[in-house]
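Student: The sequence shown stops at residue 543 when you use the UniProt record's numbering, and every number in between is there.
None of these hints come from the bench; they were simulated from the model.
Idealized CB from N, CA, C, for every residue including glycine.
Cβ-Cβ distance ranges computed for the label pairs, FRET-style:
hint, residue 1, residue 2, range
1, Asn273, Tyr462, 40 to 46 Å
2, Asp268, Leu410, 53 to 59 Å
3, Gly406, Asp312, 31 to 37 Å
4, Ala177, Met43, 20 to 26 Å
5, Arg46, Thr26, 30 to 36 Å
DSS-like mimics (lysine-lysine), calculated; alpha carbons at most 30 Å apart, straight line:
hint, residue 1, residue 2
6, Lys401, Lys364
7, Lys388, Lys528
8, Lys173, Lys108
9, Lys117, Lys465
10, Lys236, Lys211
11, Lys108, Lys388
12, Lys347, Lys394
13, Lys432, Lys364
14, Lys364, Lys390
15, Lys117, Lys347
16, Lys345, Lys521
17, Lys394, Lys528
18, Lys364, Lys394
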Amino acid sequence: MGWWLNGVVWMMMTTTIIYFVKAGDTLFYNWRVTYGDITPTSMPRRGILINGQFPGPEIRSLTNDNLAITVHNDLDEPFLLSWNGVHMRKNSYQDGVFGTTCPIPPGKNYTYNFQVKDQIGSYFYFPSLAVQKAVGGYGSLRIYSLPDIPVPFPEPAGEFTLLIGDWYRGDHKVLKAILDKGRKLPTVPDGVLINGQGLSYVSSLTVDRGKTYRFRISNVGLQTSLNFEILGHQLKLIEVEGTHTVQSMYTSLDIHVGQTYSVLVTMDQPPHNYSIVASTRFIHVQHTTGYNLHYSNSKGLKVVPARRPEPDDVDWSIKQAQSIRTNLTASGPRTNPQGDNHYGKMKISRNLILESSAALVNRKQRYAINGVSFVPSDTPLKLADYFKIKDVFKVGSIPDKPRRGGRMRLDTAVMGAHHNAFLEIVFQNREKIVQSYHLDGYNFWVIGINRGTWSQASRREYNLKDAVSRSTSQVYPESWTAVYVALDNVGMWNLRSQFWARQYLGQQFYLRVYSPVRSPKDEYPLPKNALLCGRASNRSHNS
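Produce the complete structure using the sequences and hints provided.
Tutor: Here it is as structure tokens:
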């Protein structure tokens, strides 16, 4: 819970402590991670709770705030949190994936220290090890604009966070065992959750007729694209993962795994109860779940037909994705407008074509990018790089482009890149499923999405004026997605499939953005409280 005081001071509430801070100050959180009962259906099951909550506590901050989040691991297994879409400027040590950060051992704690520098918008955090996110441990993170930076819409009457996602009946350890045995997770999940609840429970959000509310919606699931709709109401899109968008109206939105959207909804219908609906997309069995939107002076339930597309209507979804663009007249997190970065005029220094594949390796299911299936090392790559530990990884162990005819191979894949390089990345999908890719540490401009095989002629289709900037993009079946990214953030950054089983079974690699000068202007030093593990266990923080 929180509100503005005198237009400057933000009130933050954790479970037990209230902090009054100004932008740029430090917000302190104390979280305890435990197992506990969750009830996605009427039958309780074991889940992962943070301070007894599922989903976990919501973080509300201002641009440039510093966050100090102490995580106590009371599980019987290691635990890590990652911060989906938060850039971790110059600080990949805090990224919270195993390639950069040692897991928190059972019974131990670790304090994440990072700044939400020059960012606004809607994000989420989640457990990054194995498939722990299947049973909880996730929550939302909001970053509000500074009081003197105008936002391109009137202040809403209220805000709601909706964390949507697929779910499976199996415990996360059961799901992990399925993958470790070389088998796939089922294509069709057992259901859909909104804020941890399925169809067995219908929660309500109360609104007043005539007022406008902001909804922040994140797909925190394992592998299923979802369609989001508020029956009888229009969704005005205003923000996507930190970018103010052209304020187009939609009847429903496709939200792919790992993505976050922010919409305004005006309560302009007769005072009844309406359904907030999340439903599966692009799979042969449709699952749906909902919340109740309750008008404060409601006269009862209003039955409104759904307007969502057919479950397999890819062309509808592509057209919607192509329509989402940056609002060039809006201010960004700083005083300069977002449109000041003329990405369309920058010189491309390198072209990457990244193609997914699936195959059996030693009779076990594996997934790969450009024929390389990622195998974790015994030591986080960032620590190995910092301490110059040999034989942990090799820069260049994954090619820039797919190689035809070769077998899939296993490797600790790391791609090298120069600080301040400007990349064109093409995600080529020759498979018959929708995919979703994410790059830690950055937003990228989504300049092109279309069917077929990408070629140099495809550049004629690029949006070089107002493409949306985000950290996760979908790639449609037998289609391509092209992005531009400016590598202005030194570190070791994870590029991965957001389909978590595919990520776990190898569809990821690390992008080592390198500067020859070890300077805090480019990258912060190793944190003094950094956990050291693997072959870095006996090293000193002062090395």
